[in-house]
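*Asks:* One letter stands for each residue in the lines below.
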Amino acid sequence: MEIISDMLAIVQGKNGSIKPTHLMYKANLSHSQMKLYLEELMIRNMIKKEEIKTGSMIAITKNGRDFLLKYNQMREFEKTFGL
Amino acid sequence: MVKIVLTPEWFIGKDIMIEVFSVIVLMIFVILAYKYYKVNHKRKIFYLGVGFGLIALAQLATILTKLPLYYDFGPANQVGEAIVTSNLASSVDFFYYAGFFFHRFLTLLGFYMIYRLPRDRKSIGDYMAVLYFVIISSLLSKEIFYIFHLTALFILILTVEKYAWIYKENRFFNTKILMLAFSILALSQLAFVLSDIDILFAVANAIELIGYSILLALIIRIWKYGKKKKPYGDNIRYAGNSAGKKRKH
Chain Y
1 MEIISDMLAI VQGKNGSIKP THLMYKANLS HSQMKLYLEE LMIRNMIKKE
51 EIKTGSMIAI TKNGRDFLLK YNQMREFEKT FGL
Chain S
1 MVKIVLTPEW FIGKDIMIEV FSVIVLMIFV ILAYKYYKVN HKRKIFYLGV
51 GFGLIALAQL ATILTKLPLY YDFGPANQVG EAIVTSNLAS SVDFFYYAGF
101 FFHRFLTLLG FYMIYRLPRD RKSIGDYMAV LYFVIISSLL SKEIFYIFHL
151 TALFILILTV EKYAWIYKEN RFFNTKILML AFSILALSQL AFVLSDIDIL
201 FAVANAIELI GYSILLALII RIWKYGKKKK PYGDNIRYAG NSAGKKRKH
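Keeping their order, the protein sequence lines are chains Y and S. Using the numbering used here, you'd call the opening residue of the first sequence number 1 and step up by one each time. Using the numbering used here, you'd call the opening residue of the second sequence number 1 and step up by one each time.
Hints were generated in silico from the structure; no laboratory data involved. Among these hints, one or two may not hold up.
Said to hold, decoys possible - Derived, one-sided and incomplete: chain Y residues facing chain S with beta-carbon distance under 7 Å:
#1 Lys62
#2 Arg65
#3 Gln73
#4 Met74
#5 Glu76
#6 Phe77
#7 Thr80
#8 Leu83
To be verified - Below, a list of computed lysine to aspartate or glutamate pairs in the EDC-like style, where the Cα atoms sit at most 20 Å apart:
#9 Y:Lys79 with S:Glu169
#10 S:Lys168 with Y:Glu78
#11 Y:Lys35 with Y:Glu78
#12 S:Lys35 with Y:Glu51
#13 S:Lys38 with Y:Glu51
#14 S:Lys224 with Y:Asp66
#15 Y:Lys70 with Y:Glu40
All C-beta atoms, glycine included, are put in the ideal place defined by N, C-alpha and C.
Produce the entire structure from the sequences given, and follow the hints as far as they go.
*Replies:* Below, the structure is given as structure tokens:
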């Protein structure tokens, strides 16, 4: 879950869309790992692939933003109570 | 002759308002805990919500018991103002004792759950022993009102000590706020011990209000934090320009 939230945070941090290779580099994942997580995120409708002239981009969806918001709050909550 | 409520006449109603406020704050914690439990399915978060929920129920029990007592309707018709003004009652309905018993019992149980949560070692024996003392304290407080407040004070002091240790480890500002809120709630219990003096009853309620207000401020802080834009999340895997600093190997 931490990896998923980090990937979403990275995409959101890049104004909502990022190149797959950049995401792989920034999230420090191998190609196979990233493929696996991207599939998971797309199944959950948290990210979508967008085609542009220079290739494809990974974009965060509303679902993804909502999840990230909830996840950040949850982490803060857990940390506060030392759980 | 036993005292039912210690509320001074001039404070009637104000104490209920403070209790309503605390129920709202506690219910927000319950809702948040349940919401976050649904995200990560951690049992500790769920039990934390149950802990706050028990205290909220306890406050609700006292509100529902005080309302007919203060405003002279329902079961209070026979007893009326006399209870409040003279603090005396010869034959008091089971309703009042049940209401106040649940208030004491659920409060102590809720505080204990919150205190116990961050610990790893647990045994059924521990729980049984605590349950026994919680019930004994709640029952005895019918005759000696301050037993309940002393027990709550004791649990809250242990909770503050626990969060002081957690703060020492995580140096997290929110934990410090939480520690402060529990310290103030402990202080309010100390004031409640002496609350047969009219003014101290009001002071205890005011301190309790401050404690719950700090908890509300903490909720707002947690809620706002989630909205902050964190370009790289909490990640330790981020391999940006200063990868060397951020990676943990």
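*Asks:* Could you work out which of the previously given hints the structure breaks and list their numbers from low to high?
*Replies:* 1, 2, 11, 12 and 13
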